[in-house]
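**Q** Chain by chain, the residues run as shown.
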Amino acid sequence: MISLSRKEILEKIKNSFLEFEFDSTKEFVRKAIEDDGIDPLEVIEKALRPAMDIVGKKFEEGEFFLSELIVSGDFFKEIMNEVILPKLGKGEIDKKLGVVVLGTVKGDLHDIGKNIVETMLRIAGFEVIDLGVDVPPEKFIEAVKKYNPDIIGMSALLTSTIGEMKNVIDALENEGIRDKVKVIVGGAAVTEKYAKEIGADGYGRDAIDAVKICKRLLGLES
Amino acid sequence: MDHRERVFKAVEHEEPDRVPLDQAMDPFRPDIWVGLEKYLDMKDREAILEYLGIDFRLVRVGVSEDFKKKAVFAGPPFERYLKQLGENLYEDEWGAHYEATSDRLHWRYVYHPLSEIDIDSYEFPDPDDPSRYAKAKEIVKEKGDKYVISAGTGMGLFEQAWALRGFNRLMRDLYRNVNFVNKLLDRLLDYKIRVSKNFIDLGVDIIRLADDFGMQTTMMISPLIWKKFFKPRMEKLIYEIKSYSRNGVYIFFHSDGYIEPIIDDLVKIGVQILNPIQPECMDPARIKQKWGDKLTLHGTISVQRTLPFGTIEDVKKEVEKRFKECGENGGLILAPAHAPQPGTPIENIVTMYTYAKKYCIYKK
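As they're listed, the protein sequences go chains A and B.
Using the numbering used here, read the first sequence as starting at 4 and increasing by one per residue.
Using the numbering used here, read the second sequence as starting at -12 and increasing by one per residue.
If you're looking for bench data, these hints aren't it; they were derived computationally from the structure.
For each residue, glycine too, the CB sits at the ideal point set by N, CA and C.
Take every hint as true, because none was put in to throw you off.
Covered stretches of chain B, going by a simulated chain A footprint (3 or more residues, C-beta under 8 Å): (1) 93 to 105; (2) 160 to 170; (3) 198 to 211; (4) 323 to 330.
Just chain A, same shape as in the assembly (with noise of 0.2 Å):
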């Protein structure tokens, strides 16, 4: 048999996931860490990031549509909690880019783009603290306090409940550390304008876009 090149393997492994050849993807990362002596970081930022990053422009370019994010952001969890994290040491995991606090507004229930901005975030490798839905802005404050976050992002989907992010942003303000964090909103009933007219830091059109600006707030994409 041919050995395939550290790089062949990587490619490999990049192209099944995007196949969607779950049973197969996972078997080749098996392989690449335990026989090929690929460090399981090396997968990661060689193999599978690069795939999300294909899988997230594909969506951007509507070529794939919100069930392959999901499937594939699953996925790439999966491949991460059973085969390559129980191969790193503790100090391999703990490098975060920095720490997003999210929540769906007050009165507002609608989880799917906030989970899917989660999961796409943590794949980033962002550290995500998700404080669920219908969060009032005590609980916003509360876990800005408490987790000394980088960015809290706030979803809604209603018209009648985004008015709780202005709610959010002046709470922060009259705690006094409303300059201690970044603000991102996003959902179906938020617009780019109103985001600016409540003066948040940032509007995310979709999950990938939320990335993207968390990574430019933070200055670490332009």
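Dock chain B against the given chain A, drawing on the hints supplied.
**A** Chain B in isolation, oriented as in the chain A frame:
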């Protein structure tokens, strides 16, 4: 021209006297009803619908008598019979659990029965139980001669499937647990066919199918996955409805959001009325241009911008624009693109209807 003739002309792509008017897929919310009663100083809701010029009356599948005995009529935001499990925890007939938001204006699922129960041992509610249709029967009898009766068949195949299984879990199943999905969807299809036939027996005019596949700018599932799992079953469902009714009912399909990639297929499998064509997600003028000769546009009035945030003038402008761009040769029914949300100015809702009655007139 009476209500029925007006609607039938429009869906047959002929010009009636004026554009027909309807409520959204979901009727007015209780808080909006209270607002309408106050604003119009009218108590009788039937008279309010008549005043607004609404040409349709809606019938829906009720719960069975058996379930009702075990249930309570849960107030806002549910407004339906549910089994009460806790202070803010309810169960529907399918075994899914619901919880209300802190302001009790909306609700969400907190438990999906097929997340743990095996599909083979899971029993569906009985779609043929006559008690489910008692209320519908009454409405058809009372109002069927005057108004067009739309029958809502409940959640569609995709929505009911994820309500039973959980959203992310079902998304995963579509790629990784295909046998399970096929089994579940086949059983749901059989259920839907039976519900539809029961409504046809009552003499309804329109069968409403509803399945949200769209989001703001894209779809929840890819068109390929839709074609693989949902299109063939919807085709079968529509075929059964059409043949059982001897072509006597119209097929209405609802999906929120952007679903343009599947409209061609929807038309091919027999959808005749498409709702709601949210103008922020799909341009109604373009939909009219591309499919207007086969498809009646139902909805199209913005509930994300104009109705909640616009002025009365904005509302009038949108009604005018829609009539000009989408009204030619009938094929247009105006309605809010979704049930107007709490806080929507009542005068905007009323203006949408009263102005459409005045402005959207076809010249003879």
